[in-house]
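Position chain E relative to chain R; hints supplied.
Number of protein chains: 2
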Amino acid sequence: MSNQAPHPALLIPGPIEFDDAVLQSMSRYSESHVGQPFVNTFGETLSMLRKLFQTENPVSQPFIISGSGTLGWDQVAANLTEPGDDALVLHTGYFADSFADCFETYGVKATQLKAPIGDRPQLDEIEKALKEKKYKVITVTHTDTSTGVLSEIEPLSKLVRKVSPETLLIVDGVCSVGGEEIRFDDWDIDVVLTASQKAIGCPAGLSIIMASGRAIEAFKSRKTRPNSYFASWQNWLPIMQNYEAKKPSYFATPSPQLIHALHTALTQILSKPLSERFARHKEVSDKVKKAVADLGLKQLATKRENQANCMTAIYLPNDLKPPEILPNLLKKGVILAGGLHKEIATKYIRFGHMGVSVTDNKKDDIDRAIQALKDGLAEVGYKAPS
Amino acid sequence: MSNQAPHPALLIPGPIEFDDAVLQSMSRYSESHVGQPFVNTFGETLSMLRKLFQTENPVSQPFIISGSGTLGWDQVAANLTEPGDDALVLHTGYFADSFADCFETYGVKATQLKAPIGDRPQLDEIEKALKEKKYKVITVTHTDTSTGVLSEIEPLSKLVRKVSPETLLIVDGVCSVGGEEIRFDDWDIDVVLTASQKAIGCPAGLSIIMASGRAIEAFKSRKTRPNSYFASWQNWLPIMQNYEAKKPSYFATPSPQLIHALHTALTQILSKPLSERFARHKEVSDKVKKAVADLGLKQLATKRENQANCMTAIYLPNDLKPPEILPNLLKKGVILAGGLHKEIATKYIRFGHMGVSVTDNKKDDIDRAIQALKDGLAEVGYKAPS
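Line by line, the protein sequences are chains R and E.
Taking full-length UniProt numbering, the leading residue of the first sequence gets 1, the next gets one more, and so forth.
Taking full-length UniProt numbering, the leading residue of the second sequence gets 1, the next gets one more, and so forth.
Chain R on its own, in the form it takes in the complex (with noise of 0.2 Å):
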């Protein structure tokens, strides 16, 4: 039984249901920013991220900032791009849009690379844009919160070093990490950002953010020094060494209580084999498009292939809008989200199924979900293929 007071089940694309433990971490009694049992909180979990991104290099450079996960894109087009840089944004939704004002915000020329909605650039069509200019970066989004749709990083990463070897392979994680697979390593990833209130399980209020060796190298060889000041990696990347080294270092107050819960999700995911988990999430994932189709819905994202495992999301039947089903699931004890991207964002519906939901098998969460989107459809006339 959970310690939680009764409460619907949240399954939006994030925040997410956290698991008792956690949140019994929010509540910790205050310690000092710069005291050593802190401290060594604050350097496990930087370490623990390692492993979470599966990387054994040991120039690549966790950072955890207290802010939204947006600050990691002022983190990369603060640190990594200069004023006058091009930097190739690979869209499927809304959040390259977003991510483009922000390199935008920064004097960085950020073109974009749109796919149809529920698709994704092809890689043919992303080698030819990469032959056309030196980009400093290039983003992708691993799954795009507002549509569902996951990019593939790997082909993407061999294709980068092949073609623009020395730009920088920016992954957006921020509705993927700690539930689709990233091989940091592996893949030769520069930067993957995240947030801390999705797959990972962690109350919002954490920037969370692995560098390679070859983005910090390209940090520090800027010519000019980074344009923000709370997101500059000269202020933070010290800090966060002398954290994992387990020595008190101070620039702006992290947040004792979040790091601490940020611990225990860690401790949680990494003690049971990640290939597990992703592989749990993969499952869950194929059983709510299952219930979907046969629902005779469809989906955002057109092939399984570049469908999210953490989220689905769902066109309405019938013309209905978000508005006349949402509160209905709500009384049924399930949230859902509505939708987000502009163009079409009141003819769908989105449906998060990442971190204890799918990996606690004592939560029903999922399954009720399920059922309630059935019933309440029905409830307003839908008829279901039989």
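Please keep in mind that the hints were generated in silico from the structure rather than gathered at the bench.
Watch out, some of these pointers could steer you wrong.
[As the list claims (entries may be wrong)] A few chain R residues that face chain E, going by a derived Cβ cut-off under 8 Å, partial list only:
1) His-7
2) Gly-35
3) Ser-66
4) Ala-195
5) Pro-203
6) Ala-231
7) Ala-252
8) Pro-254
9) Ser-255
10) Ile-344
11) Ala-345
12) Thr-346
[Stated by the list, open to error] Calculated Cβ distances over 12 Å to all of chain E for the following chain R residues:
13) Ser-27
14) Glu-104
15) Arg-225
16) Thr-253
17) Arg-368
18) Ala-384
[As the list claims (entries may be wrong)] Calculated pairs, BS3-like style, for lysine-lysine (alpha carbon to alpha carbon, straight line, at most 25 Å):
19) E:Lys-342 <-> R:Lys-342
20) E:Lys-246 <-> R:Lys-321
21) E:Lys-342 <-> R:Lys-247
No residue lacks a Cβ here, since even glycine has one placed at the ideal position from N, Cα and C.
Okay, now just chain E, sitting in the frame of chain R:
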């Protein structure tokens, strides 16, 4: 009795000890950041900030963003100044150097007006500086956490309005808001920036700001776009206004748990007259400062009127260094902080006295800390004057 596990009393100038109910709110079950229950909580929290800052002017604008207090500097520099502008930074310690560095990051020329350690710039010096050049902003650290020096806000504001009425008055209230009186309207302040983990009494992880109508107008009339993405009011202003109007809205995911904890902390603070709270902080500060004087010790801040009420920075006697006394205090169950001002960091310690350790009559943290300091100094051979 507290529900918290036994732990040493944290009496550094932030983070501070937190109330049980506040910590309990940190472990609240997961909620959607755009669901009505959380939107209501966020909206109420923003409205409560108006009361804490004593502003009834409807054009005053509160902001709560995931991040450290430091993010408040980026918000000021990125939204209220433009590259090439001038900022006058009143210097009473470490945090002015850092705020100036933040301005420089954004292309703003920061001119520092420095006082000797333990003192603050005088009004006639400030008047002279303001007359020499047109400053877009003037910044003052209300309490500099590195020195315990308190700056006076009301006379400064009157001076600014007289000499350079268009200059925006920016108050860094990280170590003062919730413990020192701030009358936002009456004192005609443009921005107070603070963080959650000090006298407000909520765990770290939130950057909190109150901006005046004049500041918002200055922001809206800037010629260039804000040169940060995550700290941009262009992104956050509509979100904050929507939340306070109880309308769901999305730019970046806030931390529902931290917002709940802040809601609880502010509800507690506002359940009694603010004047009582500030008087209590002054009373306890007087007690600590008398104990320090009785021990024959000197403070960094030279006169009572420039000594903060939320903390006391104390020179160690007999060439003692912080690592020679702080571990001893920890054994006695209290945590004080070492020095932070670069030039004299090894010569002094800092004692934070704010929040529940001061306001909760059932807590004896302050008395225990004073006793521990007496006993600890005696144990290393220091003889207090009799």
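Problem - Agreement of hint Ser-255 (chain R) with chain E interface, Cβ distance less than 8 Å - result: holds, 4 Å
Exercise for the section: Verify the proposed pairing of Lys-342 (chain E) with Lys-342 (chain R), using a straight-line Cα cut of 25 Å. Expected result: Given that 25 Å is the threshold and the Cα spacing comes to 50 Å, the pair is violated.
Problem - Non-interface claim for Ala-384 (chain R), where every Cβ of chain E lies beyond 12 Å - result: holds, 27 Å
Problem - Residue hint Pro-203 (chain R), partner chain E, criterion CB-CB below 8 Å - result: Given a least distance of 5 Å, the restraint on Pro-203 (chain R) holds.
Exercise for the section: Beyond 12 Å from every chain E Cβ: check whether that's true for Arg-225 (chain R). Expected result: violated, 7 Å
Handout entry: Least C-beta distance from Glu-104 (chain R) to chain E larger than 12 Å
Key = violated, 8 Å
Problem - Interface restraint verdict for Thr-346 (chain R) against chain E (beta-carbon cut-off 8 Å) - result: violated, 14 Å
Problem - 25 Å Cα cutoff - pair Lys-342 (chain E), Lys-247 (chain R) - result: holds, 18 Å
Exercise for the section: Would you check whether Ala-195 (chain R) satisfies its interface hint, that is, whether its CB is within less than 8 Å of any CB in chain E? Expected result: At 7 Å from the nearest chain E Cβ, Ala-195 (chain R) passes the 8 Å test, so the hint holds.
Exercise for the section: Identify whether the interface hint at Ala-231 (chain R) stands, where standing means a beta carbon of chain E within less than 8 Å of its own. Expected result: holds, 7 Å
Exercise for the section: Go through the hint on Pro-254 (chain R) and say holds or violated, using the shortest Cβ distance to chain E against 8 Å. Expected result: Pro-254 (chain R) check passes; min Cβ-Cβ to chain E is 7 Å, inside 8 Å.
Practice task
Closer than 8 Å between Cβ atoms is the bar; does Ala-252 (chain R) clear it against chain E? Give me holds or violated.
Solution key: holds, 4 Å
Checked against the numbered hints above, the structure violates hints 10, 11, 12, 13, 14, 15, 16, 19; every other hint is satisfied.
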